[in-house]
Amino acid sequence: MTNEDFIGRKTLDVSELPSTMFDDQANLWWGNNWGLAIETTVFGILVALYFSVRMSISQWLPPRTTPGLPVLQNPLPDLTFPTIVLVIFLISLGPAIYLDLSARRKDIFGIKVGLVLTLAFNIVLLVCRYYEFDTLHFKWNDNAYGSVTWTILGMHMIHLFVMAAEDFYIILWAFIKGVDDKHRLDITVAAVYWYWIVATWVLLYLLVFWGPKIL
Amino acid sequence: MKNTDLSKKQSNTLTEARINEELRALESTWSDKPGIIGWLSTTDHKRVGFRMVFTAFCFFTFGGILAGLMRLQLSLPGNNFLGPDMYNQIFTTHGSTMMFLFAVPVMEGMGIYFVPLMIGTRTLAFPRLNILGYYTYLFGGLLLFFGLLLNIGPDAGWFAYVPLSGPEYGIGKRVDLWSQMVSLTEISALIASTNIIVTVMKLRAPGMSLNRIPLFVWSEVITAVMVIFAMPAVMIASSLLSMDRLTNVSTHFFNQAEGGDPIMWQHLFWFFGHPEVYIIFIPATGMVSMIITTFSRRKTFGYTALVLTMVATAFIGFGVWVHHMFVTPLPQLGQSIFTASSMLIVVPNGVQIFCWLATLWLGRWNLKTPLIFILGFFGVFVMGGLTGVMLASLPLDTQLHDTYFVVAHFHYVLIGGAVFPLFGAVYYWFPKFCGRLLNEAAGIAHCILFFIGFELVFFPMHILGLIGMPRRVYTYLPETGWGDLNMLASIGAAVMVVATLIFFINAVYSWFWGKVAAANPWGADTLEWSLPSPIPQYAFQYQPVVQGRHALWEQTADSPVVTGLHINNREVVSTSIHDAVPDHRYGVQGPSIMPFVVSVITGAMFIGFMFTPWSLPLGMIALFFGFLGWFWSNSVEHRPPYAPLEDNPVYDDPADYKPVEAAV
Numbered sequence: 108m109t110n111e112d113f114i115g116r117k118t119l120d121v122s123e124l125p126s127t128m129f130d131d132q133a134n135l136w137w138g139n140n141w142g143l144a145i146e147t148t149v150f151g152i153l154v155a156l157y158f159s160v161r162m163s164i165s166q167w168l169p170p171r172t173t174p175g176l177p178v179l180q181n182p183l184p185d186l187t188f189p190t191i192v193l194v195i196f197l198i199s200l201g202p203a204i205y206l207d208l209s210a211r212r213k214d215i216f217g218i219k220v221g222l223v224l225t226l227a228f229n230i231v232l233l234v235c236r237y238y239e240f241d242t243l244h245f246k247w248n249d250n251a252y253g254s255v256t257w258t259i260l261g262m263h264m265i266h267l268f269v270m271a272a273e274d275f276y277i278i279l280w281a282f283i284k285g286v287d288d289k290h291r292l293d294i295t296v297a298a299v300y301w302y303w304i305v306a307t308w309v310l311l312y313l314l315v316f317w318g319p320k321i322l
Numbered sequence: 002m003k004n005t006d007l008s009k010k011q012s013n014t015l016t017e018a019r020i021n022e023e024l025r026a027l028e029s030t031w032s033d034k035p036g037i038i039g040w041l042s043t044t045d046h047k048r049v050g051f052r053m054v055f056t057a058f059c060f061f062t063f064g065g066i067l068a069g070l071m072r073l074q075l076s077l078p079g080n081n082f083l084g085p086d087m088y089n090q091i092f093t094t095h096g097s098t099m100m101f102l103f104a105v106p107v108m109e110g111m112g113i114y115f116v117p118l119m120i121g122t123r124t125l126a127f128p129r130l131n132i133l134g135y136y137t138y139l140f141g142g143l144l145l146f147f148g149l150l151l152n153i154g155p156d157a158g159w160f161a162y163v164p165l166s167g168p169e170y171g172i173g174k175r176v177d178l179w180s181q182m183v184s185l186t187e188i189s190a191l192i193a194s195t196n197i198i199v200t201v202m203k204l205r206a207p208g209m210s211l212n213r214i215p216l217f218v219w220s221e222v223i224t225a226v227m228v229i230f231a232m233p234a235v236m237i238a239s240s241l242l243s244m245d246r247l248t249n250v251s252t253h254f255f256n257q258a259e260g261g262d263p264i265m266w267q268h269l270f271w272f273f274g275h276p277e278v279y280i281i282f283i284p285a286t287g288m289v290s291m292i293i294t295t296f297s298r299r300k301t302f303g304y305t306a307l308v309l310t311m312v313a314t315a316f317i318g319f320g321v322w323v324h325h326m327f328v329t330p331l332p333q334l335g336q337s338i339f340t341a342s343s344m345l346i347v348v349p350n351g352v353q354i355f356c357w358l359a360t361l362w363l364g365r366w367n368l369k370t371p372l373i374f375i376l377g378f379f380g381v382f383v384m385g386g387l388t389g390v391m392l393a394s395l396p397l398d399t400q401l402h403d404t405y406f407v408v409a410h411f412h413y414v415l416i417g418g419a420v421f422p423l424f425g426a427v428y429y430w431f432p433k434f435c436g437r438l439l440n441e442a443a444g445i446a447h448c449i450l451f452f453i454g455f456e457l458v459f460f461p462m463h464i465l466g467l468i469g470m471p472r473r474v475y476t477y478l479p480e481t482g483w484g485d486l487n488m489l490a491s492i493g494a495a496v497m498v499v500a501t502l503i504f505f506i507n508a509v510y511s512w513f514w515g516k517v518a519a520a521n522p523w524g525a526d527t528l529e530w531s532l533p534s535p536i537p538q539y540a541f542q543y544q545p546v547v548q549g550r551h552a553l554w555e556q557t558a559d560s561p562v563v564t565g566l567h568i569n570n571r572e573v574v575s576t577s578i579h580d581a582v583p584d585h586r587y588g589v590q591g592p593s594i595m596p597f598v599v600s601v602i603t604g605a606m607f608i609g610f611m612f613t614p615w616s617l618p619l620g621m622i623a624l625f626f627g628f629l630g631w632f633w634s635n636s637v638e639h640r641p642p643y644a645p646l647e648d649n650p651v652y653d654d655p656a657d658y659k660p661v662e663a664a665v
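Read top to bottom, the protein sequences are chains Y and X. Count along the first sequence from 1, add 107, and you get the number used in my numbering. Count along the second sequence from 1, add 1, and you get the number used in my numbering.
Hints listed in this document are in silico derivations from the structure and should not be mistaken for laboratory results. Even glycine gets a Cβ: it sits at the ideal position worked out from N, Cα and C. Fair warning: there could be bad hints in the mix.
[As the list claims (entries may be wrong)] Interface residues of chain X toward chain Y, partial, derived using beta-carbon atoms under 10 Å:
hint	residue
1	E17
2	I20
3	L130
4	V199
5	G260
6	Q336
[To be verified] Have a look at the derived ranges for each label pair, beta carbon to beta carbon:
hint	chain 1	residue 1	chain 2	residue 2	range
7	Y	K320	X	D33	55 to 63 Å
8	X	W633	Y	V234	46 to 54 Å
9	X	G335	Y	I215	34 to 42 Å
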C-alpha cells in the first residue's frame with residue numbers, strides 16, 4: 108500500500124483505550140500462563156517418572172544401604188518438618204493475595220509491604236527447602252527413588268529461586284523508581300506464579316512425603 | 002470496547018499531511034539500532050524469523066551433505082569409504098540435525114516471520130524473548146557440529162536409546178553434546194511457541210475473529226500448543242540422561258540395577274518424538290492450504306474442517322507414541338490401543354487431503370512453482386501415509402522394525418509432508434523476503450528433479466527393508482543382493498543434490514537480480530500481501546481492520562484503518578481473544594543486547610554441565626544478573642505507555658485527531 112491508498116480512509120481511533128489491562132486481557136498474563144503450562148507438564152512427567160520408579164522397585168521402599176551411613180530397613184521420609192514447611196507455603200498465600208489486590212487497587216504502600224513480605228517468605232522457604240532434602244534419607248545417587256525425589260524437590264526449588272529473583276527485581280524498581288502501571292501488571296502476573304508454586308507444592312508434597320507410605 | 006463503540010469510532014478520515022508525518026515517525030520508532038550491536042540486539046520478528054529460516058537451511062545443507070556421505074558409503078557392498086565409528090556419528094548427526102536443527106526451527110522461523118504479518122500486526126508479543134530463542138537454537142546447533150568436526154560427534158542414533166547412550170556404554174562426551182544440543186534447541190522451540198500463541202490470541206488486527214484467522218496461522222498456533230506439551234518430555238529426558246552420565250552426579254534414572262528403567266527413556270523420548278512429527282507436519286499443512294487457495298484462485302474449501310482436522314491430528318498425535326516401541330514388552334491391550342490410535346490419525350489427515358483436492362477441483366489453477374511443489378507433496382505424502390498405516394499394524398511392524406522400510410516411510414512423510422510444502426512456501430513468499438521473485442524455470446526444474454531424485458532414493462528402500470536390510474549398518478556383504486537397489490538410491494541422492502543446488506543458485510541469483518515483485522504478485526488473500534515487497538520494519542503503516550476470512554479478497558476499498566497508536570513508542574493494538582475487538586494499546590520493548598547476553602550465559606551453563614554440576618548454580622547466579630539487566634533495560638527504555646495525545650509531538654493540533662461522532 109502506498110500513502111495515496113490511505114488518504115481519505117476512515118479510521119478506527121484507539122487512542123482512548125487504556126495501555127495496561129489485567130488478567131486475561133493482558134498479553135503478559137497469557138505468556139506467563141503458557142509458561143506455567145510448560146512447567147506443569149514438566150512436573151507431570153516427573154510424577155510419571157516417580158510412578159515408573161515405584162513399578163520397577165519390588166521392595167518399596169528400598170532399604171538404605173549407603174556406605175558410611177546407618178542401614179535403614181524402612182526409610183520413610185520424615186513428615187513433621189515437610190508438613191511445617193507446607194503450612195508456611197499456605198500461609199505465604201496471604202501476603203501474595205494482599206500484594207495482588209494492592210496492585211490492582213494501586214495501593215502503593217500495600218504493594219511495597221506485600222513485596223517485602225512475599226520475598227521474606229520466599230527466602231524462608233528456600234532455606235527450609237535446603238533442609239527438606241535431608242528428610243528424604245536418600246541421596247540423589249543412592250538409587251532411582253533418590254534420584255527422582257531429589258529432582259522433584261530440586262526442580263521446585265528452581266522455581267523458588269526464579270520467584271525470589273523476580274520479586275527482588277520488582278522491589279528494586281518499586282523502591283527506586285516507584286510503581287507504574289506496567290509494574291502493577293507485572294506484580295499481578297508474578298502473584299499467579301506464586302499461587303502456582305504453592306499449588307504444585309501441595310500435590311508434590313503429597314506424592315513425595317506420603318507416597319512412600321501409601322503406594 | 003463494545004462492538005457498537007467500534008463502529009462509532011470508525012469516523013475520522015486520514016489526510017495526506019498526517020499520513021506523511023506519521024510515516025516518518027514510524028520509520029524511526031521501529032528501526033533497529035545501527036552497527037554490530039544493533040544487529041545482535043534486533044527485536045524485529047522479520048529479521049529474527051529470516052535468520053532462523055536461513056540458519057535452518059544452513060543446517061539442512063550440512064545434514065544433506067552427511068546424507069550424501071552415507072549414500073556414498075552404502076552405494077557398494079563392502080565399501081570402506083567411511084569406517085563404522087564415523088558412520089555412526091554421521092547418521093546420528095544427520096538425524097538430529099534434520100529433526101532438531103532443520104525441520105522444527107524452519108517451521109518456527111516461517112511462523113515467526115509471517116504470523117504477525119498475516120494477523121495484521123507489527124510485532125510478536127514478546128520480541129526480546131524471540132531473539133533469545135534464536136540464539137539458544139544457534140548455540141545448540143553449533144555445539145552439535147563442533148562435536149562432529151572434532152570426531153567426537155554423538156553416535157547413539159538420533160533417539161539416543163539407553164543403555165547405549167548411558168554412562169556405561171556411551172563413552173566420552175559424545176552423547177552429552179547431543180543432550181545439551183537437544184536442551185538448547187527445545188528451549189528455543191518453547192520460547193517461540195509461547196510467543197506465537199500469545200501473539201495470535203491477543204494481537205490480531207481488529208475484526209479478525211477466530212473464524213477469520215488464516216489457515217497458516219492456525220497451523221502455527223496448533224503446532225505451538227503441541228510444542229508446549231511435547232517438548233518438555235525430551236528436555237527432561239535429555240537432562241536426566243546428562244545427570245545419569247555426569248560422574249559427580251550419577252543419578253540412576255535409566256539404570257535398571259538401581260530401580261531405574263531404560264524403557265522409560267523410550268517412553269519419554271517418543272512422547273515427544275511422535276508429536277514432533279506433527280509439529281513438523283502441521284505448519285506444512287498450513288502452507289499447503291495457503292498455496293492451494295492462492296493458486297486455485299478461490300476460497301478454501303472446508304475452512305472449518307481444515308482447522309478441526311489440524312486440532313484432531315494434534316490431539317491424536319499425543320496418543321500414538323508407543324507404536325515406536327512395538328518390539329518392547331507391552332501389555333496386549335496397550336498394543337491394540339496404540340495400533341488403533343495410530344490408524345485413527347489417518348482420518349483427519351484424509352479429510353484434510355480431500356478438502357485440498359476439492360479446493361483444487363473447484364478452482365482455476367495458476368500453475369506456478371509453489372503449486373507444482375504442492376502437487377509433488379500429494380504424490381509423496383499420501384504414499385508415506387499409506388506405509389504409515391502399514392507400520393501401525395503390530396505384526397507387520399514387528400517384522401519391519403529397524404529396517405530400511407521404516408527409513409523409507411519416515412522420509413516419505415517428512416520430506417513429502419514438510420520439505421515439499423516448505424520449498425513451495427519459499428517460492429511463494431520469497432518476494433516478501435527481498436522484493437524479488439524466484440526464477441520460474443529453475444523452480445520447475447528444481448521441483449521435478451527433486452521429485453525424481455527423491456523417488457529414486459527412497460522408493461527402493463521399501464524393497465530393501467522388506468528383503469531384510471537393517472537400518473544403521475555401515476556396510477553389507479555382496480551376497481545379500483542389496484547392492485543394486487542401494488546403488489540406485491545413491492544415484493537418486495546425486496539427483497537430489499543437483500536439484501537442491503539449482504535451488505540455492507536460483508535463490509542467490511534471484512535475491513540480487515531476480516524479477517522485481519509487486520506487493521501482491523500472486524493475487525493472494527492474506528494481509529502480508531498488502532505490504533510492499535520487501536516489507537518495511539514497521540510493517541503496517543496503519544494496522545488494518547479485517548472484514549472477512551480472506552482478508553484482501555473481501556476488503557472494501559474504503560475499509561477503515563487503525564489510528565491513535567503511539568507512533569513514537571512501539572505500540573500495537575491488542576484485541577479480544579474471540580472477536581478481535583480492540584481492548585488496549587500494547588507497548589512492546591525495543592531492541593536490547595540483553596537477550597544475547599542471557600543466551601550466551603545459558604549456552605555456557607549447558608555446555609558447562611557436560612563437565613561439572615557446578616555450572617548450574619554458577620549459571621543461575623550469572624543469569625540473575627543477566628535478567629536483572631534485561632528487566633531494568635526493559636523498564637527504562639519503555640516509556641510510560643499511557644500519554645495523552647497532547648504530549649505527542651508529532652501532532653500539531655491534537656484536536657484534529659480526536660474521534661468525531663459520526664455514523665458509518
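Point to revise | Minimum beta-carbon distance criterion (10 Å), E17 (chain X) to chain Y | key: holds, 5 Å
Check your understanding: Would you say the C-beta atoms of K320 (chain Y) and D33 (chain X) sit inside 55 to 63 Å of each other?
Key -> holds, 59 Å
Check your understanding: Is the shortest C-beta separation between I20 (chain X) and chain Y less than 10 Å?
Key -> holds, 5 Å
Practice item. Go through the hint on L130 (chain X) and say holds or violated, using the shortest Cβ distance to chain Y against 10 Å. Key: holds, 8 Å
Check your understanding: Is the gap between the beta carbons of G335 (chain X) and I215 (chain Y) within 34 to 42 Å?
Key -> For G335 (chain X) and I215 (chain Y) the Cβ distance comes to about 58 Å; the hint is violated.
Practice item. Starting from the range 46 to 54 Å, see whether the pair W633 (chain X) and V234 (chain Y) falls in it by beta-carbon distance. Key: violated, 27 Å
Review point. Against chain Y, is G260 (chain X) within 10 Å by beta-carbon distance?
Key: Hint on G260 (chain X): holds, closest Cβ of chain Y at ~4 Å, below 10 Å.
Point to revise | chain Y contact restraint on Q336 (chain X) - CB to CB distance below 10 Å | key: Cβ of Q336 (chain X) sits 18 Å from chain Y, so the hint is violated.
Review point. Going by Cβ atoms only, is V199 (chain X) closer than 10 Å to chain Y?
Key: Holds, about 5 Å.
Hints 6, 8 and 9 from the list above are not met by this structure, while the remaining hints are.
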